[in-house]
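Asker: Protein chains in written order, with the working numbering: chain A, 1 to 244; chain B, 1001 to 1431.
Hints may be right or wrong, so weigh each one.
In the DSS-like style, the derived pairs of lysine-lysine whose C-alpha atoms are separated by at most 25 Å in a straight line are [unchecked claim]:
#1 B:Lys1015 with A:Lys128
#2 B:Lys1057 with B:Lys1302
#3 A:Lys213 with A:Lys225
#4 B:Lys1109 with B:Lys1058
#5 B:Lys1058 with B:Lys1274
#6 B:Lys1348 with A:Lys128
Calculated directly from the structure, the hints in this document are not laboratory data. A quick note: this is a predicted structure, and the numbers were derived from the prediction, not measured.
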Amino acid sequence: MASLASQPEWMIRTVGLQKTYFLGGENRVHALRGVDMGVRRGDYMAIMGPSGSGKSTMLNLIGCLDRPTGGQYFLGGDDVSQMDDDALSAIRGERIGFIFQSYNLIPQLTVLENIQVPLFYQGHDLGKTLHRCRELANLVGLGDRLDHRPNQLSGGQQQRVAIARSLVNDPLIILADEPTGNLDSKTGAEVLDLIDRLNREGKTIVLVTHDDKVAARAHRVIHMKDGVIDREVINRPPPTPSAS
Amino acid sequence: MLRLQLIAIIRLGIKSLMLHKLRSALTMLGIIFGVCSVIAMLAIGEGASYAAQEAIKKLGSNNILIRSLKPPEAARQQQGGGGPRGMSLKYGLTYADGARLQATIPGVKRVVPSRIIRENVRFGRTEVPCQVIGTLPFFTEVTGVELVRGRFLSDLDERHQNNICVITAGLAQRLFPTEDPLQHSVKVDAFYYRVVGIIRETGKAEQRTQAGKMEGQPLDNNVYIPLSTSRTRFGEVLIRRTAGSFEAEEVQLHQITVQMQDTAAVETADPQIKTLLRRFHDQNDYELIVPLELLREAEATKRRFNIVLGSIAAISLLVGGIGIMNIMLANVTERTREIGVRRALGAKRRDITLQFLVETVVLSIGGGLIGVLVGMLTPVVVSMATDMKTIVTLWSVLVAFGISGAVGIVFGLYPARAAAMLDPIEALRHE
Ligand SMILES: Nc1ncnc2c1ncn2[C@@H]1O[C@H](COP(=O)(O)OP(=O)(O)OP(=O)(O)O)[C@@H](O)[C@H]1O
Ligand SMILES: [Mg+2]
């Protein structure tokens, strides 16, 4: 198994991944009951499933926001399931880009400053990376809004800022938990177009959704049920590893 | 690199605080009051003790003052009407005392006896109540007296019992608003005294005008005449008329100022003088004033005063600190989501701790700075409004400012740790 995990084409590999929430006494919730799956470089994977099936739990583990209670998780060849809080923070900052359902921009910061936040915690000189941040803002179509605050932007614009922010550290993988959940279908489609484009340019993407139309954009869809993978649907053939 | 990061965190902290301007300002107010009260209270305390010490120093720290006192038993007798009418009450210091002190106490430099008699002084139609002080020429060398014009009493005046006088500047102004005092004579009782000099009592001037204002009668009105003149013009028996009844007293000297060579001599002479006087006085008709001792007492009082003021100020800073902690805890709860986002984007626990700690310290240091400004201004206003002397010392400013910074760190640590220990997922899910 370990040899499989360390194969370089696997960006992400989970082996018997489990997550149990202990609620005190004998009360416990088995959110994940042993998940085996892998994501290749340049892949675009959607996770679907009924409410409470463990999608968000899965995404949080992949994003190193949480630690599994069982099994193993390899990210870019490293076993991260046993790392301490500081190491996990470092990995989040270097290798993961998050896009949240509710955008989660920091209200007191401008668009530009929001995009800079991940750089700040990587110890970058913000002056030197200004150019890159501007470029990203242009990429998401907000180059003329750098000094605006989140509450001066529409939901779609906020989510585009969040996408720019997720890209700023050039992460291995972008994780999105229902990124269009709060948007109407038109702006949602714009945001998804942007994500499609990132994937075409080589970014690896994992996305949680309830919407079949959204899932249809991914290369493949895994359906979860009661904390395990129920089935997997391939929409398109996965890209060759050299595509990146 | 690290410094850039810290500057960025401080700017971020200010930005976050500016988001709730009123709240931040109100929180700062606690620290502002704390720091301001530390500085202002210490300044007032310092000023008060300085004034007291200056007044005592003007008495001369090398001096020992002995004053005649009406013995309490005698006073009671007289009031009860038991004393034989027309008979004078005899008490107080004598010329012999002065001579004995000069002869027996080691380390004595000068002994200056003086007689102080309350009378009215007149020039033309103006009549002013005053003290007629009969003393020796070297009076000026023993106490803080500044010659304004003319000369002081001389040995010749003393020997010839001259009818001359030296008056204080305040009195000169009252008696001679338009004329030159040195050209004229003033009248006390039935005798005329030529004015030969004007002096200013540097030491007690402040105190005296203060006291004078309250009594409605300035004590600055002194007429100095030769001791021998005083003795012959006023006699030994002094008659005082109070509310229709006579009161006759026989007092040779009202005050003896003993000037010692140095402060060490003051300490050894103090008990010796007491012993000597006790031997020749069978009643308690004098008091000893040792400025040096008063000075030490004033210093001890000041220390006690500072401790009390310091405790009050410390409590107000403590309250300010609790206010800051309260607001920062509310702040952390309110910004749980932000904390979650930052953690997701790579912030380590210590990054979060630092961010919130910096915010608290910015609050308290900002409050401290404003407090220092207000605290340095308050004593100035107090001085102008109340005539009280105030002194802002550098150490009180440094201590107050230092404490405000420390308050920020101490009371900011817990909220900052609480923020850092939040679970990222829980924090992200927080509404
Ligand atoms: N912090 C927690 N403590 C206890 N139980 C939890 C916790 N987080 C999730 N769970 C439980 O774990 C299970 C999976 O939750 P999860 O959030 O992964 O579901 P989901 O698939 O994302 O659902 P949805 O589509 O509604 O977002 C649920 O039964 C949920 O109640
Ligand atoms: Mg979910």
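Asker: Run every hint past the structure and note whether it holds.
Answerer: A quick look at each hint next to the structure:
Distance restraint check for B:Lys1015 and A:Lys128: the Cα-Cα separation of roughly 22 Å lies within the 25 Å cut-off, and the hinted pair is therefore satisfied. Distance check on the hinted pair: B:Lys1057 and B:Lys1302 sit about 16 Å apart at the alpha-carbon level, within 25 Å; holds. Proposed proximity of A:Lys213 and A:Lys225 is supported: the alpha carbons are some 20 Å apart, at most 25 Å. For the proposed pair B:Lys1109 and B:Lys1058, the alpha carbon gap of about 18 Å is at most 25 Å, so the pair holds.
For a cut-off of 25 Å, the pair hint linking B:Lys1058 to B:Lys1274 stands: about 23 Å separates their Cα positions. Taken as a hint, the B:Lys1348 and A:Lys128 pair is honoured in the structure, with Cα atoms around 23 Å apart against an allowance of 25 Å.
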